[in-house]
Amino acid sequence: MDNLGTIGTTEEQIELMDVATNFCRDKSPVDKVRALIDDDLGYDPGIWKEIGELGWLAIAIPEAHDGVGLSMAEVVPIAEQMGRNLMSTPFGSTTLAAQALLAGGSEAQQAAWLPKIAAGAAATLALREDNGDWDLSNIDATGSVSGDNVSLSGKKQLVLWADSAELIIASVKIDGAVRFALIERSTLPEGSLRRETVIDETARSYEVTLDGVTIPADALFDAGRTRETLEKIELAAGLIHAAEMTGGAQAVIDYTLEYLKTRKQFGKIIGSYQALKHPTVNNYVEYEKARTHLYSAAHSWGEQGRGEVAVRMAAAQSHSSYSTAADRAIQFHGGFGFTHDCDAQLHRRKAILSGALIGDAAYQRSKLANLLFD
Amino acid sequence: MADKPSAAELKDYAEQADAWFKENTVRDPGFMLPLTFMEVSTDEQFDFLRDWQRKVYEAGYLGASWPKEYGGGGLHSEFQRVATRAMKKYDAPIMLNAIGNGWAGPLILDLGTEEQKQKYIKPMLSAEDIWCQGFSEPENGSDLGNAQLKAVRDGDEYVLNGSKIWTSLGDRAKYMILLARTDFDAPNKYAGLSFFLNPMKIDGITTSRIKKLTGEYGFVQTFFTDARISADCLFGGEGNGWSMAMKTLEYERGAKVKPVGGFFVKELDVMEIVELAKNSVRNGKPLLDDPVMRDKMTQYMIDIQALNLNNTRRRMPQLMQDKPMGLPLMNKLARTELIRELTEFSLAFQGSKAGYYVGDENAVDDGYWHRSYLNSFSATIGGGTSEIQRNIVAEHALGLPKTR
Ligand SMILES: Cc1cc2nc3c(=O)[nH]c(=O)nc-3n(C[C@H](O)[C@H](O)[C@H](O)COP(=O)(O)OP(=O)(O)OC[C@H]3O[C@@H](n4cnc5c(N)ncnc54)[C@H](O)[C@@H]3O)c2cc1C
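Protein sequence lines, in the order shown, are assigned to chains A and B.
According to this note's numbering, the first sequence is numbered sequentially starting from 1.
According to this note's numbering, the second sequence is numbered sequentially starting from 1001.
A few of these clues could be false.
Sample of chain A residues lacking proximity to chain B, with all beta carbon distances greater than 10 angstroms (derived) [claimed, not checked]:
hint : residue
1    : Lys27
2    : Pro29
3    : Glu63
4    : Ala119
5    : Ala121
6    : Pro189
7    : Ala219
8    : Asp222
9    : Arg225
10   : Thr226
11   : Gln250
12   : Thr324
13   : Ile330
14   : Thr339
15   : Leu372
Where chain A lies over chain B, by a calculated footprint (3+ residues, C-beta under 8 angstroms) [to be verified]:
hint : stretch
16   : 1284-1297
17   : 1306-1316
18   : 1324-1338
19   : 1390-1403
By construction, these hints were calculated from the structure, which means they are not laboratory data.
Keep in mind that this is a model prediction, so the values were computed, not measured.
Just so you know, even glycine gets a beta-carbon here, dropped at the ideal spot from N, CA and C.
The whole structure should be built from the sequences, with the hints applied where relevant.
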């Protein structure tokens, strides 16, 4: 089948993998992750600054806009290690906003925003709405153009890290067509952001009310590029979440193995019971498949056709693998598994939010089926 | 090993191999070809496959990267990969001598004496000598370490008594890799075992055929009654049988490879399954319009693509830091279970026609899918069951304690 890709790595990926492995492990021990659950901001601004200084936000931004000039393939090892260590920051949303700008932004819009992002300014995307549909073009928020201004109305949901973001890129309909609007967060009226309670307590999410927000007409993306922008966003989000979920699956399996190797019942280490051992092996096998798909997706990134197949395979496999591994992790920790103190729940919750944001495994498969069979 | 070839050299070689297999591959000899080496049932099949293997060997596409001095081609292993790819492309038949070329051969190349290598390797590659494996016994299958077949030293000979079972190609083989007990007082069951390169066509060894679930033949029970073999047949030293068996299993289960070329088990072509699904009807519509079927089918595509790419990834140390033995050890488990599920799933496509079997003119694809499904258990049971494989992955890749 010729729309199936291969697997390979770049030197830069491998270097970043090493650095990210150490950085995320050292900066995001689980007690710190847990302490941040009760923090308003939800992340350590010092670490966010370091991430900016490491140049990680600049990786997939072209050199012409002060970026490093690599691609999403090189972002993958970083997102993977962040997911593995439950390190929440606006990294993912900022990276996606930059990708959106690259796909749909005008030269002037890119020149205005990409260098800022490369230097460490946070940004985010506002795409989801009350209908809960994963189809990004099924939206009701609108913009109406009058003269040089566009007034927006409607509500966007699940806008990650909106309170930290300098830039919010929102999808709205203008004259019935989807368009993207660049909104400087500082221009939002008082009370436009409502913090949402999301299942993943390590994330921060907001509902953004657009009513009363006005932007200049030149803060819209070109109408002609909406389609490719939507596609690019969907794939970039699929890839980055697949990376986080793959890292998360690795972590939750390792966490469970630790318990299976130490906890004793009936005088035996519970990991010697096949009722626990065999499903753990199954989860591990599924995780390795997810990691293979992840690096295949990174490798095929940007390739017409193959890229989308590979990303959706990675997204589907990582979501199902992460969900199952975390679900079984709760069970295999017994009574302790049911507590807030057990890390298994952190992962189970995170997998649910990721699926909610990009579309779960079944949704990814339905998109894949169209690519593979029709 | 020989130097890594240039891209141009490989390309030339690939063109030669393509041309050769295009010209020489017989896909339909007029009778049903076995899907795996474990189900060579009739003389017709055996003779055909033996000729085929010899022909491929003589053309240089089998054992291409094995040492020249023992009959191999002495080339870099990349050449062999290219040749095998050509075989797949032209849908070549399987290689008959799997136990010889796949596991006994690599073992002898790794640990055999010069004399053993001279004696055994070349006729193995040319299919002159077929090999079989005598590990399992009627009472000791998964518990291989408990093998009880007796080998008692008597001067320059060993006297063998006992029985082996499920011996694939056992009635056709000239040699058997044999696990037997030489010491009944050893401190533990493993320490009493020894490993032999055992001649089959001698007095005291008989076989009786066993009919498989498919209705075909392919394996036998082997009986040893005061069979006398030369002490030279001992391999790896007395008492080292367990370690030799484990080294054999590394090859058998795909944890280690010394690519000889060709394949021993016919791989499933996903596109064939997609075609089958497209041509099947459900509620008056193409089956692939059914959302549940689409979803399952897609998941299988994801699984197959992952396993195929795992084979590449396991050779990439940069992506294998975390649990380096994980992919090699899980290979057999994941692949064989997937094939079983997928072939079972293919029956669901056939609607009422799922009721037919090989031999009926109404059977879809002459019953190929049914036969494939029934045969798929050969790989989920043979070579260590999936349950045993899970224990192995758990213990050796994930570090969980042993199941006792
Ligand atoms: C087609 C085919 C070809 C074969 N060819 C050969 C050959 O050429 N040479 C040869 O030596 N052998 C051969 N075998 C034998 C094969 O290796 C054994 O059948 C296999 O190892 C299982 O042993 P058993 O049949 O005794 O089953 P058992 O060991 O009795 O297993 C019965 C069931 O119990 C389960 N079980 C057993 N122990 C455990 C455990 N510790 N934990 C969990 N579950 C367990 C098994 O998974 C299985 O489901 C072949 C088998 C097949 C099917």
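Here is what the structure says about each hint:
With a least CB separation of 20 angstroms from chain B, lysine 27 of chain A remains clear of the 10 angstroms interface cut-off, as annotated. Taking the minimum C-beta to C-beta distance to chain B, about 19 angstroms, the non-interface status of proline 29 of chain A holds against the 10 angstroms cut. The beta carbon of glutamate 63 of chain A is kept farther than 10 angstroms from every beta carbon of chain B, the shortest such distance being approximately 25 angstroms. Even its closest Cβ contact with chain B, about 30 angstroms, leaves alanine 119 of chain A beyond 10 angstroms, as expected for a residue assigned away from the interface.
No beta-carbon of chain B comes within 10 angstroms of the beta-carbon of alanine 121 of chain A; the shortest separation is about 32 angstroms. The Cβ of proline 189 of chain A sits about 44 angstroms from the closest Cβ of chain B, beyond the 10 angstroms cut-off, so the non-interface label holds. Distance to chain B confirms alanine 219 of chain A as a non-interface residue, since its nearest Cβ pair spans about 39 angstroms, more than 10 angstroms. Once the 10 angstroms rule is applied to beta carbons, aspartate 222 of chain A is consistent with being away from chain B; the minimum gap is 34 angstroms.
For arginine 225 of chain A, the condition that its CB be more than 10 angstroms from all CB atoms of chain B holds, with the nearest at approximately 30 angstroms. Even its closest Cβ contact with chain B, about 28 angstroms, leaves threonine 226 of chain A beyond 10 angstroms, as expected for a residue assigned away from the interface. For glutamine 250 of chain A, the condition that its CB be more than 10 angstroms from all CB atoms of chain B is violated, with the nearest at approximately 7 angstroms. Distance check on threonine 324 of chain A: its Cβ is at least 13 angstroms (rounded) from any Cβ of chain B, clearing the 10 angstroms threshold; non-interface status holds.
At the 10 angstroms boundary, the C-beta of isoleucine 330 of chain A stays outside the reach of chain B, the nearest C-beta of that chain being 19 angstroms off. Its beta-carbon lying about 24 angstroms from the closest one in chain B, threonine 339 of chain A satisfies the requirement of being farther than 10 angstroms from that chain. Not every CB of chain B lies more than 10 angstroms from the CB of leucine 372 of chain A, the least distance being 6 angstroms, so the non-interface label is violated. Requiring three or more residues with a Cβ within less than 8 angstroms of a Cβ of chain A, the coverage given for the stretch 1284-1297 of chain B holds, as 5 such residues are present.
Note: the stretch 1306-1316 of chain B has 7 residues with beta-carbon separation from chain A under 8 angstroms; the three-residue rule is met and the coverage holds. Here the stretch 1324-1338 of chain B counts 5 residues with a CB under 8 angstroms from a CB of chain A, which clears the bar of 3, and the coverage holds. Remark: the stretch 1390-1403 of chain B is confirmed as covered by chain A, as 11 of its residues place a Cβ nearer than 8 angstroms to a Cβ of that chain, reaching the required three.
Of the numbered hints stated above, those contradicted by the structure are hints 11 and 15, listed in ascending order.
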